[in-house]
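Model the full structure from these sequences, guided by the hints.
Spelled out from the first residue to the last, the chains are:
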Amino acid sequence: MIAASFLLLALAAQGAGADSSTLIWGGDAEGGAPFVEADPANPSRVRGFDVEVAERIARGLRRRSARFVQVQWSSIDQSVERGDFAIGMSGVEDTPARRAQHAVTLPYFEFREVLAVRPQDQGRIQSLADLRGRRVATLGATIAYDLLLAQRDSVGLIPVSYDDDVHPYTDLLSGRVDAVLLDHIIAQRALRRLGGAAFVILPRAAAVGHYVGVLARANATLRDSVDAALREAMRDGSLEQIFRRWEIWDESQGALFERVLRGTVTTQAARAPAAAVVAYLPSLARAAAVTLAVSFLSMALAVIAGLTLASARVYGPGWVRAAATVYVEVVRGTPLLLQLFVIYYGLAGVVRLPAFLAAVLALGLNYAAYEAEIYRGALQAVARAQLEAARTLGFSELQILRLIRGPQALRYALAPMTNDFVALLKDSALVSVITVVELTKQTAIFATNVGSWVIPGILCAIVYLAMSLPLARLARRLERHWGLGGHAA
Amino acid sequence: MNALLSIEHLGVRYDGRDVLKGLSLEVSRGEIVALMGPSGVGKSTALRAVAALLAFDAGRIVVDGFALSPGPVPPESELVPLRRRVGLVFQAHALFEHLNVRDNVTLALRHVWNKARTEADETATRLLETLDVAPRAAAWPRQLSGGEAQRVAIARALAPDPQLLLMDEPTAALDPARRSALGATLRNLAGQGRALLIATHDAEFARAFSDRVLTLPPG
Numbered sequence: 001m002i003a004a005s006f007l008l009l010a011l012a013a014q015g016a017g018a019d020s021s022t023l024i025w026g027g028d029a030e031g032g033a034p035f036v037e038a039d040p041a042n043p044s045r046v047r048g049f050d051v052e053v054a055e056r057i058a059r060g061l062r063r064r065s066a067r068f069v070q071v072q073w074s075s076i077d078q079s080v081e082r083g084d085f086a087i088g089m090s091g092v093e094d095t096p097a098r099r100a101q102h103a104v105t106l107p108y109f110e111f112r113e114v115l116a117v118r119p120q121d122q123g124r125i126q127s128l129a130d131l132r133g134r135r136v137a138t139l140g141a142t143i144a145y146d147l148l149l150a151q152r153d154s155v156g157l158i159p160v161s162y163d164d165d166v167h168p169y170t171d172l173l174s175g176r177v178d179a180v181l182l183d184h185i186i187a188q189r190a191l192r193r194l195g196g197a198a199f200v201i202l203p204r205a206a207a208v209g210h211y212v213g214v215l216a217r218a219n220a221t222l223r224d225s226v227d228a229a230l231r232e233a234m235r236d237g238s239l240e241q242i243f244r245r246w247e248i249w250d251e252s253q254g255a256l257f258e259r260v261l262r263g264t265v266t267t268q269a270a271r272a273p274a275a276a277v278v279a280y281l282p283s284l285a286r287a288a289a290v291t292l293a294v295s296f297l298s299m300a301l302a303v304i305a306g307l308t309l310a311s312a313r314v315y316g317p318g319w320v321r322a323a324a325t326v327y328v329e330v331v332r333g334t335p336l337l338l339q340l341f342v343i344y345y346g347l348a349g350v351v352r353l354p355a356f357l358a359a360v361l362a363l364g365l366n367y368a369a370y371e372a373e374i375y376r377g378a379l380q381a382v383a384r385a386q387l388e389a390a391r392t393l394g395f396s397e398l399q400i401l402r403l404i405r406g407p408q409a410l411r412y413a414l415a416p417m418t419n420d421f422v423a424l425l426k427d428s429a430l431v432s433v434i435t436v437v438e439l440t441k442q443t444a445i446f447a448t449n450v451g452s453w454v455i456p457g458i459l460c461a462i463v464y465l466a467m468s469l470p471l472a473r474l475a476r477r478l479e480r481h482w483g484l485g486g487h488a489a
Numbered sequence: 490m491n492a493l494l495s496i497e498h499l500g501v502r503y504d505g506r507d508v509l510k511g512l513s514l515e516v517s518r519g520e521i522v523a524l525m526g527p528s529g530v531g532k533s534t535a536l537r538a539v540a541a542l543l544a545f546d547a548g549r550i551v552v553d554g555f556a557l558s559p560g561p562v563p564p565e566s567e568l569v570p571l572r573r574r575v576g577l578v579f580q581a582h583a584l585f586e587h588l589n590v591r592d593n594v595t596l597a598l599r600h601v602w603n604k605a606r607t608e609a610d611e612t613a614t615r616l617l618e619t620l621d622v623a624p625r626a627a628a629w630p631r632q633l634s635g636g637e638a639q640r641v642a643i644a645r646a647l648a649p650d651p652q653l654l655l656m657d658e659p660t661a662a663l664d665p666a667r668r669s670a671l672g673a674t675l676r677n678l679a680g681q682g683r684a685l686l687i688a689t690h691d692a693e694f695a696r697a698f699s700d701r702v703l704t705l706p707p708g
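Keeping their order, the protein sequence lines are chains A and B.
According to the working numbering, the first sequence is numbered sequentially starting from 1.
According to the working numbering, the second sequence is numbered sequentially starting from 490.
If you're looking for bench data, these hints aren't it; they were derived computationally from the structure.
Possibly wrong hints are sitting among the right ones.
Pair by pair, the computed Cβ-Cβ distance ranges are [as the list claims (entries may be wrong)]:
| id | chain 1 | residue 1 | chain 2 | residue 2 | range |
| --- | --- | --- | --- | --- | --- |
| 1 | B | Glu618 | A | Gln380 | 36 to 46 Å |
| 2 | B | Ala661 | A | Gly318 | 36 to 46 Å |
| 3 | A | Ala472 | B | Arg615 | 52 to 62 Å |
| 4 | B | Asn603 | A | Gln380 | 27 to 37 Å |
| 5 | A | Ala472 | B | Val569 | 42 to 52 Å |
| 6 | B | Gly560 | A | Gln380 | 18 to 28 Å |
| 7 | B | Arg502 | A | Asn419 | 44 to 54 Å |
| 8 | B | Tyr503 | A | Gly318 | 17 to 27 Å |
| 9 | B | Asn603 | A | Arg476 | 43 to 53 Å |
No residue lacks a Cβ here, since even glycine has one placed at the ideal position from N, Cα and C.
Shown next, in the form of structure tokens:
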């Protein structure tokens, strides 16, 4: 306990950058090469062009060294404001919202948003306009995703958001999506990893963006020093050397450096927060509908499968009871997240389930185990005398279950079922890991884009409550209604 | 032999102990037989064996030509003739908690004996009127007093018109006035030609309203 406290203190001290001779920077090594990745030769170290840019900035700031802090890519902005590190990098995009909320450096790399398609589709698809009705994958909360959202309304394509930049390309090959829109260096890396001919990168860029460093809003002075260090690195060729070493140098970088050094780089103005909120409302409504659909369908499946499992455990012969018990224990004993991955990615070799169906299956089959235990307990809670009275009246076992035991068990099961449904409503947020954009995911995207969790978080909470409170009310009313029959007049 | 129920040398063992040993009795149509004895002598066990809720180890039970033998309880599908002949009123009534009084009475008529709803409702109304609980037809079981619940339980057991009615400790929850009213009801049922076997430890009630009293020896 004491040791743990010391460890926490030590970590906190590190995070706050107590040692001013070290530049502490944050990035996501899960994003991988060429940005930041664990060094294969020494996995405790990181390497990548962003690592070298950070080191170059540290030298420019006359710091002795740069130290890396791992942070989830989508949380870089929040982390830097919290003071976990001084500057966030690793493919951080220059967006109006980010500029409005944080201190953002000069752009130091220009990327192109490029489309990747399967080789056989190369002739048919030349740009986003050719993707009406098709599924197009990208990373959530990026410029590319915003671009796809805009095209959803104009072109009619279907944006599919991922949490990582590996699965969009494997899903492209397996046919789950028809195109991937991502930064050209991510596309090139994926192409190399998959053997060089697995898909085709279309030459025409759908958009152009820039990587920047992000600092806490209050840290504008340090940001200005970082900008000076970046300009110096552009002037003395050290930045070019870094990019050449990682094979990402091209003439557009030279042009960018020139514009930066001439001071003619322009950045877009941010949308006013109120306008941003209004702009996101339709997406939130759509995401809430997805959450409701996933939850209701999953619960329906959970109830049906749960009833079957419970009946098997109460009425079945020995081996059926054993099989149902194994199912319940395995499902309850392993993480839902793992089950989602297994059903969506693990089974992809056998059956390629659409993401929505996989989400409903995984949630439904997971909750079925919990429902089964509720129903089993409820069935066993029905008094034996009730069942015997039914037998003396000549009811068959099936009729007893249908007419007497089942209806009575339902009353016992109602309250825990309502609890489970409310829990499922919230657990449905997990399905975003298999590309289903539901309420929480949409809120995270929203929050990243407006650069704050306050308004999106409140909106999201309101929508969840609006969905779960009526259910709890309905359950209470039913219980009261039945409860009336349970009290002496 | 004109007995509706005949029990011959009934033996029930439980956990290596004789709960019942060598019980023999007969109940004829129109007759009320009281099965007496202190708690634990196997009165309820005998009723449960006759209603085929319990396996027995020795002897034979015959209800109006339908015989039960030692060994496991047969599946319900083979017990249909017995269910038609025997009604059982439980000590705690065991009314279906999720159904109102009327539905408690009509449920078996509709789903086991395939009567139309109107016919089942008519039967229920008639039985509830006879037993003086018709005004409670829409009440829930737990809104009933002990006496009311018992009369509803009798109505439910009588709905399929069984010729043998078994009752387990019918006076347990009744005040003296209600006891004699129940006695009159039972006499009335016997008068219709039914056979009644009543397990009770209420000697006064047994003497007052039964035709014969059979006392089980303790142990």
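Hints, verified against the model:
1. Glu618/B with Gln380/A: 36 to 46 Å: holds (38 Å)
2. Ala661/B with Gly318/A: 36 to 46 Å: holds (39 Å)
3. Ala472/A with Arg615/B: 52 to 62 Å: violated (45 Å)
4. Asn603/B with Gln380/A: 27 to 37 Å: holds (30 Å)
5. Ala472/A with Val569/B: 42 to 52 Å: holds (45 Å)
6. Gly560/B with Gln380/A: 18 to 28 Å: Given a distance of about 27 Å, which is inside 18 to 28 Å, the answer is holds.
7. Arg502/B with Asn419/A: 44 to 54 Å: holds (46 Å)
8. Tyr503/B with Gly318/A: 17 to 27 Å: holds (24 Å)
9. Asn603/B with Arg476/A: 43 to 53 Å: violated (38 Å)
In summary, the numbered hints that this structure violates are 3, 9.
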